[in-house]
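Engineer: Each protein sequence line maps, in turn, to chains Z and B.
Okay, so the first sequence: first residue is 0 according to numbering that gives the first Met the number 0, each after it adds one.
Okay, so the second sequence: first residue is 0 according to numbering that gives the first Met the number 0, each after it adds one.
Bear in mind the hints are in silico, worked out from the structure with no lab data behind them.
Check each hint, because a few of them may be wrong.
[Stated by the list, open to error] To be clear about the criterion: a stretch of chain B counts as covered by chain Z if any three or more of its residues have a C-beta under 8 Å from a C-beta of chain Z, and this derived list gives those stretches:
#: 1; region: 0-12
#: 2; region: 49-56
#: 3; region: 71-78
#: 4; region: 99-106
Beta carbons are placed, not taken as given, at the ideal position from N, Cα and C, and that holds for glycine.
Now for the letters of each chain:
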Amino acid sequence: MAEAGRLDPDAAQRAIEHCYEQGWSDGLPLVPATQPLVDQFLARTGRDPGEVIGTLEQVGRDCTVYLAAVNAAMAGCRPEYFPVVLAAFAALMAERAARGGWQSTSGPAPLIVVNGPIRTELGFNSTGGVFGPGFRANATVARAIGLIVRNAFGVRPHVLEQATQGIPGRWSICIAENEEESPWEPFSVDGGVPAGTSAVSATLLRTSEFVDNRHSHHVEDVLWDLADTISRTGAQIFRDASAGVVLCPEHAQMLADAGYSKAAVQDWLMARCGRSPADLRRAGKGDLSKISPEDEAQQTASGRAEISRTMESPRQVPVIVAGARNAAISMVVRIFGEWSGTATPVEVPAGAGASAAAGTG
Amino acid sequence: MPNVILDPTGQAGRTPAGGTLALAPRRAGLQGARVGLLINTKRNAELFLTELGRLLTGEHGAASVMARTKLAFALPVPEDMLKELVSECDVVITGIGDCGSCSASAVTDGVMLESRGVPAAVICSDAFGASADAIAGLRGAPGYRYVTTRHPVAVLTPDEVRDRARQVLPDVVSLLVAAGEAAT
Numbered sequence: 000m001a002e003a004g005r006l007d008p009d010a011a012q013r014a015i016e017h018c019y020e021q022g023w024s025d026g027l028p029l030v031p032a033t034q035p036l037v038d039q040f041l042a043r044t045g046r047d048p049g050e051v052i053g054t055l056e057q058v059g060r061d062c063t064v065y066l067a068a069v070n071a072a073m074a075g076c077r078p079e080y081f082p083v084v085l086a087a088f089a090a091l092m093a094e095r096a097a098r099g100g101w102q103s104t105s106g107p108a109p110l111i112v113v114n115g116p117i118r119t120e121l122g123f124n125s126t127g128g129v130f131g132p133g134f135r136a137n138a139t140v141a142r143a144i145g146l147i148v149r150n151a152f153g154v155r156p157h158v159l160e161q162a163t164q165g166i167p168g169r170w171s172i173c174i175a176e177n178e179e180e181s182p183w184e185p186f187s188v189d190g191g192v193p194a195g196t197s198a199v200s201a202t203l204l205r206t207s208e209f210v211d212n213r214h215s216h217h218v219e220d221v222l223w224d225l226a227d228t229i230s231r232t233g234a235q236i237f238r239d240a241s242a243g244v245v246l247c248p249e250h251a252q253m254l255a256d257a258g259y260s261k262a263a264v265q266d267w268l269m270a271r272c273g274r275s276p277a278d279l280r281r282a283g284k285g286d287l288s289k290i291s292p293e294d295e296a297q298q299t300a301s302g303r304a305e306i307s308r309t310m311e312s313p314r315q316v317p318v319i320v321a322g323a324r325n326a327a328i329s330m331v332v333r334i335f336g337e338w339s340g341t342a343t344p345v346e347v348p349a350g351a352g353a354s355a356a357a358g359t360g
Numbered sequence: 000m001p002n003v004i005l006d007p008t009g010q011a012g013r014t015p016a017g018g019t020l021a022l023a024p025r026r027a028g029l030q031g032a033r034v035g036l037l038i039n040t041k042r043n044a045e046l047f048l049t050e051l052g053r054l055l056t057g058e059h060g061a062a063s064v065m066a067r068t069k070l071a072f073a074l075p076v077p078e079d080m081l082k083e084l085v086s087e088c089d090v091v092i093t094g095i096g097d098c099g100s101c102s103a104s105a106v107t108d109g110v111m112l113e114s115r116g117v118p119a120a121v122i123c124s125d126a127f128g129a130s131a132d133a134i135a136g137l138r139g140a141p142g143y144r145y146v147t148t149r150h151p152v153a154v155l156t157p158d159e160v161r162d163r164a165r166q167v168l169p170d171v172v173s174l175l176v177a178a179g180e181a182a183t
């Protein structure tokens with residue numbers, strides 16, 4: 000408390016206003032970045048500050064390690080979060096969808112998923128309110144990505160960013176997987192990184208939608224409920240539509256207890272998500288049907304109404320476990336384009352700080 | 000002495016590239032011109048551009064039409080396709096910029112063609128003017144002129160698309176030929 004008495008809030012306010020005046024802010028106050036602060040960030044990575052870690056070809060702008068550090072500092076990250084920011088940014092830039100996604104009318108939000116020991120080391124929330132606010136690591140890592148896009152790439156709303164409405168949660172969806180209460184292997188293992196290694200996976204979302212199913216005794220009821228949300232016509236603009244599920248621990252455990260592996264959940268959903276050609280036509284989307292008119296006529300004649308499946312590969316229906324074990328509420332996350340699902344290891348150089356270094360396992 | 004607040008854009012003290020891109024020299028008219036179409040796969044782009052090609056050959060004496068499709072509408076035209084357009088075409092029409100990323104990349108394509116000596120007419124929907132203008136500035140061609148058509152384009156029927164192509168034809172011709180020659 001003694002130090003608090005010596006702080007200068009008036010100078011801090013002026014510095015914050017300066018940042019607003021430069022057009023650097025996403026609307027919320029920024030932490031004014033200084034060289035000594037940014038040096039602390041740069042000390043957390045072995046990479047050269049001048050290394051280019053992302054290029055937005057169509058606007059002719061690059062992001063370097065240095066610019067990422069400045070933006071992460073401004074976002075309110077602690078220096079030890081910086082390797083996670085770098086991994087999240089690398090994971091996003093490796094996704095094809097992110098190449099045009101920042102400018103898209105869809106206004107998609109990054110979904111950042113953190114796995115491994117770094118979750119607990121740095122205080123990432125993986126349990127109650129995982130999609131919500133209240134945790135500095137989750138909030139500022141996601142925000143750092145948004146500031147990089149705004150400042151390093153120069154993609155700003157109403158100019159190069161052309162979101163029609165945008166979505167709630169843009170620049171704030173960073174979740175840690177609840178590995179402790181998941182019955183399955185960590186999501187990063189699906190993405191090619193060994194269990195116990197800290198890693199980040201990321202994609203862009205069109206939105207996230209809850210599925211509240213807390214009274215069913217049969218796992219298939221839960222799966223049908225998820226399938227109904229995944230299959231809504233409004234979300235379909237191409238023949239394929241990728242949608243992940245972020246299962247709460249209760250749903251995940253219920254499924255596992257009934258003998259479902261993650262792959263079995265994916266197979267079940269792939270077989271049942273989609274709409275009939277008639278449903279698609281009713282929404283003016285008949286051309287998205289994969290069922291030919293001849294096949295449809297044949298199915299109708301034999302009293303069947305098959306669906307045009309929207310997901311053909313397990314990659315299109317990633318399964319993640321997060322949230323508290325206090326109610327059976329899960330989330331459908333609507334993926335913008337496709338998600339490779341690849342996990343990016345968090346690189347922390349030796350000697351870069353005890354707490355973070357332990358996270359490399 | 001307090002620390003300086005750092006700039007997060009990397010653009011401080013940097014002047015925009017060039018600032019005044021010289022446009023490709025214009026022809027007196029389109030008689031005998033080889034027209035390139037750079038189609039970006041957005042809905043109705045192919046028909047819109049194809050119809051423009053047909054009108055330019057049928058009514059303005061263009062000699063031929065070569066159509067190329069770039070599959071990643073969000074990104075600038077691939078280098079090999081750009082080279083082919085530059086070597087095989089006298090003028091190029093590109094579009095349709097009717098989304099956030101494709102409006103920017105269509106203008107980028109236009110600017111790249113101009114810088115290699117080929118006059119270009121970029122077609123954008125009028126909802127994306129801010130994005131198109133901004134990218135032109137970033138590409139060193141502030142004020143770069145392009146053709147706009149009323150938003151939306153994706154919902155138009157084939158006949159409506161052909162009508163639109165007819166409507167923008169004078170603007171396309173005027174962008175591709177030397178001032179004062181457009182009416183011929």
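Engineer: At a Cβ distance under 8 Å, does chain Z reach at least three residues of the region 71-78 of chain B?
Structural biologist: holds (count 5)
Engineer: Check whether three or more residues of the region 0-12 of chain B sit with their beta carbon closer than 8 Å to a beta carbon of chain Z.
Structural biologist: holds (count 10)
Engineer: Report holds or violated for chain Z covering the region 49-56 of chain B, Cβ cut-off 8 Å, minimum 3 residues.
Structural biologist: violated (count 0)
Engineer: With a cut-off of 8 Å between beta carbons, are at least three residues of the region 99-106 of chain B near chain Z?
Structural biologist: holds (count 6)
When each numbered hint is compared with the structure, a violation occurs for hint 2 only.
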